[in-house]
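> Following the hints, complete the assembly by docking chain B onto the known chain A.
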Amino acid sequence: NAGVTQTPKFRILKIGQSMTLQCAQDMNHNYMYWYRQDPGMGLKLIYYSVGAGITDKGEVPNGYNVSRSTTEDFPLRLELAAPSQTSVYFCASSYTERLAVETQYFGPGTRLLVL
Amino acid sequence: QKEVEQDPGPLSVPEGAIVSLNCTYSNSAFQYFMWYRQYSRKGPELLMYTYSSGNKEDGRFTAQVDKSSKYISLFIRDSQPSDSATYLCAMDASGGSYIPTFGRGTSLIVHP
Numbered sequence: 001n002a003g004v005t006q007t008p009k010f011r012i013l014k015i016g017q018s019m020t021l022q023c024a025q026d027m028n029h030n031y032m033y034w035y036r037q038d039p040g041m042g043l044k045l046i047y048y049s050v051g052a053g054i055t056d057k058g059e060v061p062n063g064y065n066v067s068r069s070t071t072e073d074f075p076l077r078l079e080l081a082a083p084s085q086t087s088v089y090f091c092a093s094s095y096t097e098r099l100a101v102e103t104q105y106f107g108p109g110t111r112l113l114v115l
Numbered sequence: 001q002k003e004v005e006q007d008p009g010p011l012s013v014p015e016g017a018i019v020s021l022n023c024t025y026s027n028s029a030f031q032y033f034m035w036y037r038q039y040s041r042k043g044p045e046l047l048m049y050t051y052s053s054g055n056k057e058d059g060r061f062t063a064q065v066d067k068s069s070k071y072i073s074l075f076i077r078d079s080q081p082s083d084s085a086t087y088l089c090a091m092d093a094s095g096g097s098y099i100p101t102f103g104r105g106t107s108l109i110v111h112p
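So the sequence lines, in the order shown, correspond to chains A and B.
One point on numbering: in the working numbering, the residue at position 96 of the first sequence is 96, and numbering is uninterrupted.
One point on numbering: in the working numbering, the residue at position 91 of the second sequence is 91, and numbering is uninterrupted.
So here's chain A without its partners, still in its complex pose (with noise of 0.2 Å):
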């Protein structure tokens, strides 16, 4: 297995321009996450997953969008980049089932500069 692939590794946006964050599982899993991470804030949840086409915010949602038409892909779409998106961007996955639920796989990370 795969796990959780994420590409590209790394991008630099000029404002205003948009891009797609892609991100895969190969697990199977029902539950899709993507964080954003700045240095020394820990995680901040964007969006989530439940399953294919159901979608809901986290805490962080404004300038992003998600979409899950399948269960393997979870992409994030950013409109309209801004100097406060740059960040490290992490998706995650994780089985629903309580006792496994808690155990999250991530990927190895996008990172974005917008300039």
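If you're looking for bench data, these hints aren't it; they were derived computationally from the structure.
One or more of the hints may lead you astray.
[To be verified] In the EDC-like style, the derived pairs of lysine to aspartate or glutamate whose C-alpha atoms are separated by at most 16 Å in a straight line are:
hint, chain 1, residue 1, chain 2, residue 2
1, B, 56, B, 66
2, A, 44, A, 56
3, B, 70, B, 5
4, A, 44, A, 59
5, A, 44, B, 3
6, B, 42, A, 38
7, B, 67, B, 3
8, B, 2, A, 59
9, B, 70, B, 3
10, B, 67, B, 5
11, B, 42, B, 83
12, A, 44, B, 5
Note that the structure is predicted; figures quoted are calculated from it, not measured.
Coordinates of chain B only, in the frame set by chain A:
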């Protein structure tokens, strides 16, 4: 007050030392407690998982939960330079939304 508080460090210790990493929390509904380890420029990975109160041991690592004090700890015995990483605590409520709340992470440096 944030739901989960964690000192960001850095915490610098000599090789072989016993390390204590801690988090405090305010939400009494939290029942699931996790510790993640994150190496530089990598994604977090689950290290330890505990349900409710008590201790759990896995090799050199011990996770401890004191719900009465709303305080959790991760102990690392015989610390190694390879333990140098950021350690994030995370917690979730029983019957909750499966969305854990993360601490800021503590940076640990183990020097030879």
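> Does each hint hold? Answer for all of them.
Hint by hint, here is what the structure shows:
no., hint, in the structure
1, B/56 to B/66, "12 Å, holds"
2, A/44 to A/56, "14 Å, holds"
3, B/70 to B/5, "11 Å, holds"
4, A/44 to A/59, "6 Å, holds"
5, A/44 to B/3, "13 Å, holds"
6, B/42 to A/38, "14 Å, holds"
7, B/67 to B/3, "14 Å, holds"
8, B/2 to A/59, "13 Å, holds"
9, B/70 to B/3, "11 Å, holds"
10, B/67 to B/5, "15 Å, holds"
11, B/42 to B/83, "14 Å, holds"
12, A/44 to B/5, "14 Å, holds"
The earlier numbered hints are all upheld by this structure, with none contradicted.
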